[in-house]
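First to last, the protein sequences are chains A and B.
Each residue of the first sequence is one higher than the last, beginning at 105 in the numbering used here.
Each residue of the second sequence is one higher than the last, beginning at 105 in the numbering used here.
Keep in mind that the hints were calculated from the coordinates and are not lab data.
Source: prediction; values computed, not measured.
Heads up, a few of these hints could be off.
Now the in silico label distances, taken between C-beta atoms and shown as ranges [to be verified]:
1) B:S278 to A:A129: 47 to 55 angstroms
2) A:E142 to B:P179: 47 to 55 angstroms
3) B:Q389 to A:R296: 18 to 26 angstroms
4) A:L303 to B:S278: 37 to 45 angstroms
5) B:S109 to A:V186: 45 to 53 angstroms
6) B:G331 to A:A200: 33 to 41 angstroms
7) A:A129 to B:P179: 32 to 40 angstroms
8) B:S109 to A:E393: 52 to 60 angstroms
9) B:Q389 to A:A200: 26 to 34 angstroms
10) B:E142 to A:A129: 55 to 63 angstroms
To be clear about the criterion: a stretch of chain B counts as covered by chain A if any three or more of its residues have a C-beta under 8 angstroms from a C-beta of chain A, and this derived list gives those stretches [said to hold, decoys possible]:
11) 274 to 287
12) 380 to 392
To give a feel for the contact side, a few chain A residues facing chain B, derived at Cβ under 10 angstroms [unchecked claim]:
13) T206
14) L248
15) R256
16) I268
Yeah, the Cβ is synthetic: ideal placement off N, Cα and C, and Gly gets one too.
2 protein chains.
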Amino acid sequence: MTTPSPNYIGIDVSGTTFNAALVGADGAVLQRREAALERDGVGAQAARAVSELREAAGGAGVAGVGVGVTGLVEPGTGRVVVSTDLPSLTRADLRAELSAATGLGVVLENDANAAAYGEFVAGAGRGSRNLFYVTIGTGVGGALILDGRLWRGDSGFAGEFGHITIDPEGVQCSCGNTGCLETVASGPNIVRRTQERLLRDSTSSLSRLGLKRDFTAADVAHAAQEGDDFALMMLERTGRHIGQGLAAVINLLNIERIVLGGVIMEAGEMILSAVVREAGRRSFQPCFESTQIVAATLARDSVPVGAAMLARDSGDLAS
Amino acid sequence: MTTPSPNYIGIDVSGTTFNAALVGADGAVLQRREAALERDGVGAQAARAVSELREAAGGAGVAGVGVGVTGLVEPGTGRVVVSTDLPSLTRADLRAELSAATGLGVVLENDANAAAYGEFVAGAGRGSRNLFYVTIGTGVGGALILDGRLWRGDSGFAGEFGHITIDPEGVQCSCGNTGCLETVASGPNIVRRTQERLLRDSTSSLSRLGLKRDFTAADVAHAAQEGDDFALMMLERTGRHIGQGLAAVINLLNIERIVLGGVIMEAGEMILSAVVREAGRRSFQPCFESTQIVAATLARDSVPVGAAMLARDSGDLAS
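Okay, chain A solo, but in the shape it has when bound (with noise of 0.2 angstroms):
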């Protein structure tokens, strides 16, 4: 007789919704909870998902919870240190009081970095050693799994991607920086660049995104899907920078796979196709020939995914 191999519980608090599921340690998605995020009361609402996946999960029981968190996380202390995003989590300390509440073992990480490893265990990553996984979004996150492991860096930054320098000469960025990734390539930039071409370009009233007063980049990426030509031109254009960014990975690092994930990839194979086509175009070529360029497979899982799959795998949970 054996005993049923424990779940783990990975949770998302990284957006708008909260999501919450039970995996199995072999990284298959038992069971989900998805709510509205409740902004100032995070641990009660992970505490309240813990509670009704550790009923569903039975008898198996329930080894530990990760928790995926827009933000740094710092690596000693599991303390969330910044978020723009969710300024509450910094005040707080998530790990201690979910712990307390659940008295399972807790790990904390940034979201990008949780996806990362969702996509390395169950998602495109599979099978391979080393990846790095880029995220569009409303910024452009990046995260590195390197040796089978996240490589967070010196002080736990690594895998800023949407802050290399794409044009030496191009527009300023939040960050003080002109001309960084981000400034062209996230959600609500590649927006801005298709407004600014709408109003510019007589043949853009074409463009059933001209017929819209607002729309998203997930909009822009449903109509090149659909073949508007306009929408197609810009994700090749944004497809063109991410490429170039992603050359500069694949020399420094050789790297096996790179993984994209976020709202950019609902236009599917022909982003993908811009990417590579550039990535290739700027690389190293004996880098680029041992690097493959897939598509995310775990949607909005792999946060979840890759947070239980991180409580899994660490060796000091705290309970």
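Go by the hints and put chain B onto chain A.
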């Protein structure tokens, strides 16, 4: 009574000179042998140097040999698979040949990797765990040490810093891309840019460089160090390009230390401060704040010392 700790021999066959050293287990150079490189008899020249240095080692003995070569070394076989500068290396099996001739274990490593390891063990990288090494010479080379070990990447090509795109609309590079760092910052390209500017700019005739028919990047560096305004401007600009490239490394890896070596460093503090300024301007600040950017200290010893220390730390010396 303690046995004296064994020594190692490190050899640099990366330039036009052959440069061998007897190196203590702590990375200190005990003896040097320099000569013109015998381009078609590298194996025999290396075997002679090993024999001489072994004699010099006396009772302490020599425990292994490391060789730094220009070109790409295949990690598994230790064969040189690509070497633009010294194609004879790809036809021979230098490791097997030298090992057979000396009866010692031999490791082969790419010269930039060996230099990085030398600086890491016994030079400007001492005390760090994570290091990026850049050398500006005929080309622009880079090498990474992560968690105390050389990071070679998926197929052995990591650290191709010279082919990072600095200016997407820049000059055509020999690699096929446009605007690679190497197209502006390598020794020959510093000379090219300086010559172009001397032709174009009337005030530049005031520069002492204008008095020479032929000059090298080292001449530009020396002129800058002696206060020549024009040479200072050329190197200040070169430093900015290098700083922009380093900002990508800093953002991606949140690296602890960056060590700059090669001919350009003969301009000293002036070039270093231009590099640091631009890297700071173009980095994500939390990443930049934990990075030290320093000048290499081993000069021409970096490759022999690093190769010797790689022999010391190699688990699989071929003998």
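(request) Starting from the range 55 to 63 angstroms, see whether the pair B:E142 and A:A129 falls in it by beta-carbon distance. (result) At 60 angstroms between Cβs, range holds.
(message) Looking only at beta-carbon atoms, does the pair B:G331, A:A200 fall within the given range of 33 to 41 angstroms?
(response) Between B:G331 and A:A200, where Cβ atoms are some 59 angstroms apart, the hint is violated.
(request) Double-check A:R256 for me: the hint is only fine if its C-beta lies closer than 10 angstroms to a C-beta in chain B. (result) holds (7 angstroms)
(request) Could you tell me whether the CB distance from B:S278 to A:A129 stays inside 47 to 55 angstroms? (result) Between B:S278 and A:A129, where Cβ atoms are some 50 angstroms apart, the hint holds.
(message) Is 47 to 55 angstroms respected by the C-beta to C-beta distance linking A:E142 and B:P179?
(response) holds (51 angstroms)
(request) Using 10 angstroms as the Cβ threshold, decide whether A:I268 counts as touching chain B. (result) holds (5 angstroms)
(message) Please check whether B:Q389 and A:R296 have a Cβ separation lying inside 18 to 26 angstroms.
(response) holds (24 angstroms)
(message) Looking only at beta-carbon atoms, does the pair A:L303, B:S278 fall within the given range of 37 to 45 angstroms?
(response) holds (42 angstroms)
(message) Using the nearest Cβ pair, does A:L248 come within less than 10 angstroms of chain B?
(response) holds (7 angstroms)
(message) Please check whether the segment 274 to 287 of chain B has three or more residues whose CB lies within less than 8 angstroms of a CB on chain A.
(response) Result for this restraint: holds, n = 3.
(message) Quick check on a hinted range of 45 to 53 angstroms for B:S109 and A:V186, using CB atoms only.
(response) Since the Cβ atoms of B:S109 and A:V186 sit about 47 angstroms apart, the hinted range of 45 to 53 angstroms holds.
(request) Go ahead and decide if the range 52 to 60 angstroms is satisfied by the Cβ distance of B:S109 to A:E393. (result) 43 angstroms Cβ-Cβ, so the 52 to 60 angstroms window is violated.
Comparing the model with each numbered hint stated earlier shows that hints 6, 8, 13 do not hold.
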